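Trainee: For reference, the chains in residue letters:
Protein chains: 2
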Amino acid sequence: VLDLLGLVACNELLAVDRMAADARLAPDLNRRALLYEMAAARVANYRRLVARLVELGAEPEEVASCLDLLRPYHESTAPKDWFEALTRACIGDAVTDDVLREIAGLVEEPDRQVVLDALHERRYAELAAAEIRAAVATDPVLASRLSMWARRLAGEALAQAARVGTGRPALNWLITERTGDPAGVRSLFTRLTAAHVDRMSAVGLNT
Amino acid sequence: VLDLLGLVACNELLAVDRMAADARLAPDLNRRALLYEMAAARVANYRRLVARLVELGAEPEEVASCLDLLRPYHESTAPKDWFEALTRACIGDAVTDDVLREIAGLVEEPDRQVVLDALHERRYAELAAAEIRAAVATDPVLASRLSMWARRLAGEALAQAARVGTGRPALNWLITERTGDPAGVRSLFTRLTAAHVDRMSAVGLNT
Numbered sequence: 236v237l238d239l240l241g242l243v244a245c246n247e248l249l250a251v252d253r254m255a256a257d258a259r260l261a262p263d264l265n266r267r268a269l270l271y272e273m274a275a276a277r278v279a280n281y282r283r284l285v286a287r288l289v290e291l292g293a294e295p296e297e298v299a300s301c302l303d304l305l306r307p308y309h310e311s312t313a314p315k316d317w318f319e320a321l322t323r324a325c326i327g328d329a330v331t332d333d334v335l336r337e338i339a340g341l342v343e344e345p346d347r348q349v350v351l352d353a354l355h356e357r358r359y360a361e362l363a364a365a366e367i368r369a370a371v372a373t374d375p376v377l378a379s380r381l382s383m384w385a386r387r388l389a390g391e392a393l394a395q396a397a398r399v400g401t402g403r404p405a406l407n408w409l410i411t412e413r414t415g416d417p418a419g420v421r422s423l424f425t426r427l428t429a430a431h432v433d434r435m436s437a438v439g440l441n442t
Numbered sequence: 236v237l238d239l240l241g242l243v244a245c246n247e248l249l250a251v252d253r254m255a256a257d258a259r260l261a262p263d264l265n266r267r268a269l270l271y272e273m274a275a276a277r278v279a280n281y282r283r284l285v286a287r288l289v290e291l292g293a294e295p296e297e298v299a300s301c302l303d304l305l306r307p308y309h310e311s312t313a314p315k316d317w318f319e320a321l322t323r324a325c326i327g328d329a330v331t332d333d334v335l336r337e338i339a340g341l342v343e344e345p346d347r348q349v350v351l352d353a354l355h356e357r358r359y360a361e362l363a364a365a366e367i368r369a370a371v372a373t374d375p376v377l378a379s380r381l382s383m384w385a386r387r388l389a390g391e392a393l394a395q396a397a398r399v400g401t402g403r404p405a406l407n408w409l410i411t412e413r414t415g416d417p418a419g420v421r422s423l424f425t426r427l428t429a430a431h432v433d434r435m436s437a438v439g440l441n442t
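As they're listed, the protein sequences go chains W and G. The first sequence: position 148 = 383 (the working numbering), numbered continuously. The second sequence: position 202 = 437 (the working numbering), numbered continuously.
Calculated from the structure, these hints are not laboratory results. Watch out, some of these pointers could steer you wrong.
For identical chains, the list gives no copy identity; a pair is met inside one copy or between any two copies.
[Stated by the list, open to error] Calculated lysine to any residue pairs in the SDA-like style (CA-CA distance at most 20 Å, straight line):
| no. | residue 1 | residue 2 |
| --- | --- | --- |
| 1 | Lys315 | Gly400 |
| 2 | Lys315 | Asp252 |
| 3 | Lys315 | Ala261 |
| 4 | Lys315 | His355 |
Predicted model only: the values in this text are computed from it and were never measured.
Chain W extracted, bound-state conformation (with noise of 0.2 Å):
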């Protein structure tokens, strides 16, 4: 549960930096305003992961070892424009999510709540969405591009969540023991890619 909370708290974390970068991208004040606000829901819900942290007794510097393992994903899918940033966060981080959702179902109360809670602010995602359902709607080069970077950030994002499962075995357990199922990881990566295409398809990108 610590792990799982330490990582939670720390893809919060990072999702503002991104969205404080992705500011920085977008084509206007107005919504350089909103992602920062988007961006300060988040800081909220990284404080109320790191009360119920030290409420289970664990120290900073655990839940800062968790920042390491999400890093690489991070640092490698830096968007060069408004658009991949958007894609990034309505395909990449999605990703993301669904590993952390995942895993909350199998831990007890008040844990789940707490994760689910968290992963449940996801404005920025839906705005996304839109705003690229619309784009590549009428642009089919814009399309193109964005299935392509769209289907990396997806193998980076699964990358991670593997890395994930070998940095933190007790979550590789919680999923094998708590589903009872020896196969459980596998059919969780088939579920993720499931609906990743199903995500992709709904925004109009090709996978």
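Assemble chain G onto chain W, guided by the hints.
Mentor: This is chain G only, laid out in the frame that chain W set:
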């Protein structure tokens, strides 16, 4: 008044950019989250100022044009580390705030209060001042390095104040007409410098 509100709005938005960048330099996750929280308060300031501008009939492009006036200071003062970021927050940015506060004193209500409310949220400067004071008290090498950096920041901020006067003649006019002092601009610069010197010695830096 439109010029002033636009400048204050852009100053708040650029402060958010700076604080988000500074957050990445923070030495621990707690301070990083704190910076993001303080940035969120400044986004709220920005939104309130833009709402007032729209009420007064301003166009979004006019607001954006104020960014260009403030950007040179912003870009020429990128901090290399956490202490440089703190120094900019409590020394350099304070000069800009003083300029805006002085001009706000010359406009009428309710806009005067709108501006003063925005300038009131300066927790970052307070936190930065306390942290610098503590750090330089025991580290003369740091004190000397930050003193030099702070002098450069003040120079850039005063240069920006002069650029704003040239770029927005209406603001210059406000100062000379409303104060009834033809040398109003010069005495403003005298007050700015005096306030800056006080702030430097309050945190233990040498002018």
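Trainee: Hint by hint, which ones does the structure fall short of?
Mentor: Numbers 1 and 4 - these are the hints that the structure violates, sorted from lowest upward.
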